[in-house]
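J.: Following the hints, put chain B in place on chain A, whose structure we already have.
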Amino acid sequence: MSGPKHIRTPLARVLGRGAAKSGTEQFWHQRLTAVANVPLTIAAVIILIALLGRNQAAVAQILGSPAVAIIMLLFIGSMVIHMRIGMQVIIEDYVHGESAKLTLLMANTFFTIGVGLACVYGVLKLSFGL
Amino acid sequence: MTETRSLEGRAPTERPLSPHLQIYRPMLTMMMSILHRITGFGLYFGTLLLAWWLNAAASPGAYARFQWFAGSWIGRLILFGYTWALIHHMLGGIRHLIWDTGRGFGPSEREWLAAANLIGSIAITIILWIFVLLTMGSSQ
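Here the protein sequences line up with chains A and B, keeping their order. Counting in the working numbering, the first sequence runs from 195 upward without gaps. Counting in the working numbering, the second sequence runs from -1 upward without gaps.
Please keep in mind that the hints were generated in silico from the structure rather than gathered at the bench. Note that the Cβ used here is the ideal one computed from N, Cα and C, for glycine as well. Fair warning: there could be bad hints in the mix.
Claimed, not checked - Each pair of labels, with its calculated beta carbon distance range:
1) B/Gly73 x A/Asp287: 29 to 37 Å
2) A/Arg202 x B/Gly69: 33 to 41 Å
3) A/Glu292 x B/Ile32: 25 to 33 Å
4) B/Met134 x A/Phe221: 40 to 48 Å
5) A/Val232 x B/Phe129: 14 to 22 Å
6) A/Arg248 x B/Ser106: 40 to 48 Å
7) A/Val239 x B/Ala60: 17 to 25 Å
Unchecked claim - Reference listing, derived: stretches of chain B covered by chain A, where coverage requires no fewer than 3 residues with Cβ under 8 Å from a Cβ of chain A:
8) 15 to 27
9) 79 to 91
10) 94 to 103
11) 109 to 115
12) 119 to 130
To be verified - Some, not all, of what chain A presents toward chain B, calculated at C-beta under 8 Å:
13) Val229
14) Ala230
15) Asn231
16) Leu246
17) Ile275
18) Met277
Okay, chain A solo, but in the shape it has when bound (with noise of 0.2 Å):
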């Protein structure tokens, strides 16, 4: 029998977005921060470790310093990218109620920007002294 090899329009099948219409881009990012996250977390946890037992004055010196400041500003932000992305996979696994679903949707963004906000102005804050 000969038929059409694909039901998909040729412009559906250029442009690869699939049902979701987003492509792939969510499974790469999610990978790309995964990879991003092992170097940082293990770059945080020492630095965590070295700040054990010291003193507010020197632990604000520390991380405010520009080269654990920055570390700790780009783990934040891989970490938050990882975990909205994450939490969105959770969700729409679990619940399935319409309304239900977009309001946790909406509210994991609410989240993870919010939560994501406050790390880095607490970075900022010890570097620039504001």
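T.: Positioned in the frame of chain A, the structure of chain B alone reads:
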């Protein structure tokens, strides 16, 4: 509009569903998959602690309050759990990245990777916390 109704306009009939998780015998790889999701879920809310710590570091009073919490019984328990979740999710992530390259799917390889994930995360967490308790103990 297509509706999943029968021709007579009745409500959709109950259809059999495919079997769910509970019919399977628990396996290590399956448990590690579930743990990866649970640890990710926990770490999500754990970032609130990170935000607190980073913002508390600016003032002595706020930092003292954070230290009081971190040194308390419940604080240490939460931070210990956070450490394990972080290390476990990181090692699990590396396992998933290995799988993404198409490697490590063999029957013995996947079991070995899952076991290494669990043993590695517990071992690293304990080593880190021995370090933490020794440092905190000597500074007090």
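J.: So, for every hint listed, does it hold in this structure?
T.: Taking the hints in turn, this is what the structure says about them:
1. B/Gly73 x A/Asp287: 29 to 37 Å: This hint holds: roughly 32 Å between Cβ atoms.
2. A/Arg202 x B/Gly69: 33 to 41 Å: 60 Å, violated
3. A/Glu292 x B/Ile32: 25 to 33 Å: 26 Å, holds
4. B/Met134 x A/Phe221: 40 to 48 Å: Holds, since B/Met134 and A/Phe221 (Cβ atoms, about 41 Å apart) stay within the stated range.
5. A/Val232 x B/Phe129: 14 to 22 Å: With Cβ atoms ~20 Å apart, the hint holds.
6. A/Arg248 x B/Ser106: 40 to 48 Å: With a Cβ separation near 46 Å, A/Arg248 and B/Ser106 satisfy 40 to 48 Å, so the hint holds.
7. A/Val239 x B/Ala60: 17 to 25 Å: About 23 Å separates the Cβ atoms of A/Val239 and B/Ala60, which means 17 to 25 Å holds.
8. 15 to 27: violated (count 0)
9. 79 to 91: holds (count 3)
10. 94 to 103: That given contact holds, which follows from 3 residues of the region 94 to 103 of chain B lying within Cβ reach (below 8 Å) of chain A.
11. 109 to 115: violated (count 0)
12. 119 to 130: That given contact holds, which follows from 3 residues of the region 119 to 130 of chain B lying within Cβ reach (below 8 Å) of chain A.
13. Val229: 7 Å, holds
14. Ala230: 11 Å, violated
15. Asn231: 7 Å, holds
16. Leu246: Holds, because the Cβ-Cβ distance from A/Leu246 to chain B comes to roughly 4 Å (cut-off 8 Å).
17. Ile275: 12 Å, violated
18. Met277: 5 Å, holds
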